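Q: Assemble the dimeric complex from its two separately framed chains, guided by the hints.
For the protein sequence lines, the chains are A and B, in the order given.
Those letters in the first sequence? Residues 1 to 115, by the numbering used here.
Those letters in the second sequence? Residues 1001 to 1112, by the numbering used here.
There's no promise every hint is true.
List time: in silico EDC-like cross-link candidates among lysine to aspartate or glutamate, alpha-carbon distance up to 20 Å [stated by the list, open to error]: (1) B:Lys1104 <-> A:Glu85; (2) A:Lys78 <-> A:Glu14; (3) A:Lys44 <-> A:Glu14; (4) B:Lys1099 <-> A:Glu85; (5) A:Lys44 <-> B:Glu1015; (6) B:Lys1049 <-> A:Glu97; (7) B:Lys1104 <-> A:Asp86; (8) B:Lys1049 <-> A:Asp86; (9) A:Lys44 <-> B:Asp1095; (10) B:Lys1068 <-> A:Glu14; (11) B:Lys1099 <-> A:Glu103; (12) B:Lys1058 <-> A:Glu97; (13) B:Lys1099 <-> A:Glu14.
Rather than coming from a laboratory, the hints here were simulated on the basis of the structure.
Just so it is clear, the structure is predicted and the values come from calculations on it, not from any experiment.
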Amino acid sequence: EAGVAQSPRYKIIEKRQSVAFWCNPISGHATLYWYQQILGQGPKLLIQFQNNGVVDDSQLPKDRFSAERLKGVDSTLKIQPAKLEDSAVYLCASSLESSVGYEQYFGPGTRLTVT
Amino acid sequence: AQSVTQLGSHVSVSEGALVLLRCNYSSSVPPYLFWYVQYPNQGLQLLLKYTTGATLVKGINGFEAEFKKSETSFHLTKPSAHMSDAAEYFCAVSDRDDKIIFGKGTRLHILP
Chain A
1 EAGVAQSPRY KIIEKRQSVA FWCNPISGHA TLYWYQQILG QGPKLLIQFQ NNGVVDDSQL
61 PKDRFSAERL KGVDSTLKIQ PAKLEDSAVY LCASSLESSV GYEQYFGPGT RLTVT
Chain B
1001 AQSVTQLGSH VSVSEGALVL LRCNYSSSVP PYLFWYVQYP NQGLQLLLKY TTGATLVKGI
1061 NGFEAEFKKS ETSFHLTKPS AHMSDAAEYF CAVSDRDDKI IFGKGTRLHI LP
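Same shape as in the complex, but just chain B (with noise of 0.2 Å):
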């Protein structure tokens, strides 16, 4: 069966620092791997999707995560955090049945 991980219910960075979110999986074959972000009070929005080809998956507002099959991560990261990155972020799996698998998610916050 699919499965996400999150390490780290909450990450803070200092604004214009490097941001990386991390994010493990587990899938049977070869998976679609998701980024989501949810701002206060709304819903989730996709950020970035990995599904085939190039492992480096370049998002919204500056974000990329890197499919490493070896090491069954596609970590997200940001070269230099903004106070409006401010947000949950959720990794999700899927192993293309149509059904996607979210993690319990991150909560960056960033530190003036």
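Just chain A, same shape as in the assembly (with noise of 0.2 Å):
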């Protein structure tokens, strides 16, 4: 079984740049993650997916991050602009239901730096 993908794996960016993430959930997981994990932190959760449709984004820095799941399979998350600040790792991860009694498998992560 495929795990989950996830690309770029490194990104470095000039702050106000743009950048974007892509994540390709483990098939026939319905639910999609993204966290932030800063260096020396655990992960923080920006958003999650149920399907195509957004259960929490409560996290998410609004003015300049964005994420969609559309068609309810892969998902991109997108910082615009970019600040120093935001230098993370971004991790995507699926899970088959929303429901913390099932596992997330996460991706390798795409490490962020913005100079």
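A: This is the structure in structure tokens:
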């Protein structure tokens, strides 16, 4: 079974530029999560999708971050414009359903450096 | 609000020695508790989880954790460390509201 795929793996941009990350979850997984992991901290949930609908985006900085999951499969996370404090690893995860009883499977992440 | 505290951002143990990674949580309801491992340049992998029932939970790679409600703890142990155990470990809690809160992580170093 293929795991969660993310691209690119690494990205370096200058502040005020825009960037997009892509995630392809495990086939059949209805729930998709985007996390932000700043160096030295645990992952923080940015947004959670159930199929193509948003379940929770309470911690997404909506003035600069956006995410979509068209067709309920793969997803993109965009930052525009980027700030220095956005430097982090962005992790995508998926699970069969949204209940925490279902295991979340994580992708390898995209490491973003904003200079 | 739920929260997780991991004691020690770095822990070093000798190969073959006991591994003990400490985790304390705060939750207003009986929680779900998790331990995840993250190897360099990889995503997180679930080691074990506690939901209900037996308080001693066994996971993959020889790890286990015990839920102690009176101490609000969920410490992770392994009797004998192996070089391949070197990684970052995250404790996490959920109030069963479909949201998982992660601790800051503990980096485990294995000394030869």
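Q: Compare the structure with each hint and give your call.
A: Consistency of the hints with the structure:
no. : hint                   : result
1   : B:Lys1104 <-> A:Glu85  : holds (17 Å)
2   : A:Lys78 <-> A:Glu14    : holds (15 Å)
3   : A:Lys44 <-> A:Glu14    : violated (23 Å)
4   : B:Lys1099 <-> A:Glu85  : violated (24 Å)
5   : A:Lys44 <-> B:Glu1015  : violated (32 Å)
6   : B:Lys1049 <-> A:Glu97  : holds (17 Å)
7   : B:Lys1104 <-> A:Asp86  : holds (18 Å)
8   : B:Lys1049 <-> A:Asp86  : violated (30 Å)
9   : A:Lys44 <-> B:Asp1095  : holds (16 Å)
10  : B:Lys1068 <-> A:Glu14  : violated (47 Å)
11  : B:Lys1099 <-> A:Glu103 : holds (12 Å)
12  : B:Lys1058 <-> A:Glu97  : violated (24 Å)
13  : B:Lys1099 <-> A:Glu14  : violated (32 Å)
When the structure is compared with the earlier hints, violations turn up for hints 3, 4, 5, 8, 10, 12, 13 and for no others.
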